[in-house]
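Protein chains: 2
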Amino acid sequence: MLPPAFISLVYRDGGGVSFLMAFIFCLVAGITAWYPQRNEKGDLRAREGFLIVVLFWTVLASFSAIPLMLLETPNLSITDAFFESFSGLTTTGATILTQIDGLPHAVLWYRQQLQWLGGMGIIVLAVAILPMLGIGGMQLYRAETPGPVKDSKMTPRIADTAKHLWFIYVGLTVACTLSYWGAGMTMFDAICHAFSTIAIGGFSTHDLSMGYFQSPLINFICVFFLIIAGVNFALHFAVLNSKSLRAYFYDPEFKVFILIQLVLTLICFAVLMSYGIYQTGFEAFDQALFQAVSISTTAGFATTSFADWPTMLPILLIFASFIGGCAGSTGGGMKVVRVLLLYLQGVRELNKLVHPKAIFTIKLGKKALPNRVVEAIWGFFAAYAAVFVICMLLLLASGVDDITAFTAVAACLNNLGPGLGEVAANFAPLGDFSKWVLIVAMLFGRLEIFTLLVLFLPAFWRA
Amino acid sequence: MLPPAFISLVYRDGGGVSFLMAFIFCLVAGITAWYPQRNEKGDLRAREGFLIVVLFWTVLASFSAIPLMLLETPNLSITDAFFESFSGLTTTGATILTQIDGLPHAVLWYRQQLQWLGGMGIIVLAVAILPMLGIGGMQLYRAETPGPVKDSKMTPRIADTAKHLWFIYVGLTVACTLSYWGAGMTMFDAICHAFSTIAIGGFSTHDLSMGYFQSPLINFICVFFLIIAGVNFALHFAVLNSKSLRAYFYDPEFKVFILIQLVLTLICFAVLMSYGIYQTGFEAFDQALFQAVSISTTAGFATTSFADWPTMLPILLIFASFIGGCAGSTGGGMKVVRVLLLYLQGVRELNKLVHPKAIFTIKLGKKALPNRVVEAIWGFFAAYAAVFVICMLLLLASGVDDITAFTAVAACLNNLGPGLGEVAANFAPLGDFSKWVLIVAMLFGRLEIFTLLVLFLPAFWRA
Ligand SMILES: [K+]
Ligand SMILES: [K+]
Chain P
55 MLPPAFISLV YRDGGGVSFL MAFIFCLVAG ITAWYPQRNE KGDLRAREGF
105 LIVVLFWTVL ASFSAIPLML LETPNLSITD AFFESFSGLT TTGATILTQI
155 DGLPHAVLWY RQQLQWLGGM GIIVLAVAIL PMLGIGGMQL YRAETPGPVK
205 DSKMTPRIAD TAKHLWFIYV GLTVACTLSY WGAGMTMFDA ICHAFSTIAI
255 GGFSTHDLSM GYFQSPLINF ICVFFLIIAG VNFALHFAVL NSKSLRAYFY
305 DPEFKVFILI QLVLTLICFA VLMSYGIYQT GFEAFDQALF QAVSISTTAG
355 FATTSFADWP TMLPILLIFA SFIGGCAGST GGGMKVVRVL LLYLQGVREL
405 NKLVHPKAIF TIKLGKKALP NRVVEAIWGF FAAYAAVFVI CMLLLLASGV
455 DDITAFTAVA ACLNNLGPGL GEVAANFAPL GDFSKWVLIV AMLFGRLEIF
505 TLLVLFLPAF WRA
Chain E
55 MLPPAFISLV YRDGGGVSFL MAFIFCLVAG ITAWYPQRNE KGDLRAREGF
105 LIVVLFWTVL ASFSAIPLML LETPNLSITD AFFESFSGLT TTGATILTQI
155 DGLPHAVLWY RQQLQWLGGM GIIVLAVAIL PMLGIGGMQL YRAETPGPVK
205 DSKMTPRIAD TAKHLWFIYV GLTVACTLSY WGAGMTMFDA ICHAFSTIAI
255 GGFSTHDLSM GYFQSPLINF ICVFFLIIAG VNFALHFAVL NSKSLRAYFY
305 DPEFKVFILI QLVLTLICFA VLMSYGIYQT GFEAFDQALF QAVSISTTAG
355 FATTSFADWP TMLPILLIFA SFIGGCAGST GGGMKVVRVL LLYLQGVREL
405 NKLVHPKAIF TIKLGKKALP NRVVEAIWGF FAAYAAVFVI CMLLLLASGV
455 DDITAFTAVA ACLNNLGPGL GEVAANFAPL GDFSKWVLIV AMLFGRLEIF
505 TLLVLFLPAF WRA
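If you read the protein sequences in the order shown, they are chains P and E.
To convert, count from 1 in the first sequence and add 54; that's this note's numbering.
To convert, count from 1 in the second sequence and add 54; that's this note's numbering.
Note that these hints are calculated values from the structure, not bench results.
Careful: at least some of the hints might be erroneous.
Put simply, identical chains are the same to the list, so a pair is met inside one copy or across any two.
Simulated crosslink set (DSSO-like; lysine-lysine; CA at most 30 Å straight-line) [claimed, not checked]: (1) 417 x 406; (2) 309 x 297; (3) 406 x 297; (4) 297 x 217; (5) 420 x 406; (6) 411 x 421; (7) 297 x 411; (8) 421 x 406; (9) 417 x 309; (10) 420 x 309; (11) 421 x 217; (12) 421 x 297; (13) 297 x 417.
Note that the structure is a prediction, hence the values are computed from the model and not measured.
Here chain P stands alone, though its shape is the one from the complex (with noise of 0.2 Å):
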């Protein structure tokens, strides 16, 4: 909370004081917290583990909304501030403000900087505590996947690997930043952008949100970073420890994620050229592909508003970020992997009629799968489809209309951030009751669903 206060001296626009009163209201509750426990230290069990993840994120983003309750402008109800909060550290992007050009600096600096800390605290989350952990599936990740060190296992202590990890993410937002800059952008914008497109938040500090530039060259920028942070970030760490490419192509998680850019902007490019929107094809192309990219990797960014493109175009998209980023990547939904091997375990169900008696065991790259993880990821399937649906209905029941109560929940559990219906641009229309639901929905999105839902367990607390 100190860089906006700074920020706020700067620009000289007011709204410095809340951040310093927040900060300084966090410090001593925080030191308050931790002065009783400070000699206490020990092994952690896998049910210490979901406790401390879920009021990790409850804690740092209610504390986060302290701040944006005490501003003046923009003046929040304490329902707005926290979900404003919530949208900005699970780098879901919803918000509800409105005309957002005319907010103080340090504001904006505020939310795009929720969204990058989020980043951060996501990549740690995914690549190191949910596979150990066990969270739907991902204990695949344990000691399978290319990891940060070189005998390809993680890095033991969890603070070593986040060590890494945030060091190619603090890398990465560098190069953006200064991309944006050299396109055009200002610094102020640069580096706002850079936070929230390497967090995959998709928060802007403008109305039109990277619209605004009406920039192909950003927009691709834009493109290029999204795919980048959309990759698993120990992919990312073998591939800079290996000093060379090859571990990208070896992926499987990988390939299926770009094909599914690469379709998602064919798909889009051609209905809009058919439909004839946009005036040249290069202006379609560039839409097309900034929007599929941003959309299906549950970035959000607009420039132009999808919602309005044609036929099953929105509802494409929509459907698009149910799949998301890569596993440990900074982007939401279910992960590629994980409807990667739903749609293997499909293949071989049909194969099994065909062929009764043999046996098909599921293959990710060479690696046969161990059957725990399939069931794994199954579970994660239904409990993700059964989030959706009672989210979905509590919306319905609070009198919002279909299609909008549709796709807030998909937006806010894939973490992806604008819907269509009254939440195309905020969720300003929306009743404090759909706001509170939503705030719940990007939780359980953001922890994955089973970290959240085993805490209602009965048996969790009898333990």
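Since chain P is already given, all that's left is putting chain E with the ligands on it; use the hints.
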């Protein structure tokens, strides 16, 4: 096709000739196809089983479309005739007809009879054939549930099983007819509606469907027989055989099925009361019970336009139709037992997270389930979702709006009948392309996805 020709003779309202002509055509075509193969016999292999089931349904429904094409009133296009015929035989009950009350009696009878015959086919398919083929976990029923013979194994030969089940099916139809007749329907209406009730089809002889009769007693009779028809017919057989109702209460699927009906009715009742939609509590309860059971068993009869009910009720009931009836019933959807197993597996996953080293087995009643069955059900679930998404995108691509596309596909894939939006009353507003997509969706739903999907596998044709 002879009964409707006869009906036409009785009511002297035209339309009989086309049924006679179509009958002669089918007779000739059938003999021509059968004659060269009349001496071939041999064991059925699984692969041939799939082909026969799919061919049986498509050929029968195509032939059944012929009289509808030949009719002068209504004058149907080829697409519409196929849609109506497939909708009838798959017991979907979606119609492209408007102003049903004015149609000749022969046509009305014919549509109801299609549903009834379709129901007969489904019972045999679901109780005897799919378990043998091992579709979507239904091998579970191969020799495990209480079956029609005393040693709790299914009568091995399909023809024998069919005879027993059809006896129950015809008996229920007679009982339902007499009840409707006693409650005030004409004998024609009573038979016609008994046909579509026991088949969980949903076709009616009136535009207002069951709402035409404005009788709570008829509504209640309909609910009663829908619930009976929504239960596994093998379970009915076991009860008849043991002359005790005990088998029902030992069956986990039955218990969950009843629970779902109760919960949905209560939710609908509570919301309808709180919004004051109906004059009296009795009327609200009558409507809540009728619509909840009618939609969630996938019958699709209407008394009132539930599409206009407040808040989440329409979508809640559409979601409930995804669960549908019990396996081995005439109901559609994914079937209660599958959803129950997905739920149990989800809970097992959560328990495994808390106790990573413990071994949990999934039990249905007192029986532990083999992993093979659970896997097959997961595959079914994913394939169901994939077919749903693809059909919905195809409808959207042809220009249908979001909510219509979503509910039209749900209504056809779940063999439900009515949707929301443009297809709340009938499917006439849709284009030909959409109708063909939905015809395929009905067939996918009725053949439990895999029976049809396996034909798309190259290995199927190579083997
Ligand atoms: K996002
Ligand atoms: K139906």
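Hints violated by the structure (numbers, ascending) | 3 and 7
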